[in-house]
Amino acid sequence: CSPAMGKKRKLDEDEEEQPKGRKEDKKTRVANFSEMSLDRLLEREVELAEEVRQKQKELSDARRVKPLLYGNNEARQMKTRQLRAEYAHAEVQREIQRRFKAKEESG
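Numbering (this note's numbering), first residue to last: 60 to 166.
If you are wondering where the hints come from, they were derived from the structure by calculation, not from laboratory data. Errors might be hidden in some of the hints.
[As the list claims (entries may be wrong)] Derived pair list, reagent style PhoX-like, types lysine-lysine, alpha-carbon separation capped at 20 Å:
no., residue 1, residue 2
1, LYS114, LYS138
2, LYS125, LYS160
3, LYS138, LYS125
4, LYS114, LYS125
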């Protein structure tokens, strides 16, 4: 009985290592906006503004098709994606404002 359990554990360990590799392949954007150039920040601000509008539209379309009910995981996930886009957009806007303010103060 115990050798089979040992093999099973070994298989479980191998399975746990694979998702870690997948996370590295995951498409991610640069989240540290203070390291971006101003031009790239302005581009990213436009991209995020469009993404926010798209997420809001998706959420409103989904709510129109399927009314919001308690436990509607789809709507909850869409709202979370919308909020993430809004937070990133606001952060980019703050960084742009901070840089313009720093330019004004320095001359």
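Evaluation of the provided hints:
no. : hint             : result
1   : LYS114 to LYS138 : holds, 8 Å
2   : LYS125 to LYS160 : violated, 45 Å
3   : LYS138 to LYS125 : holds, 14 Å
4   : LYS114 to LYS125 : holds, 16 Å
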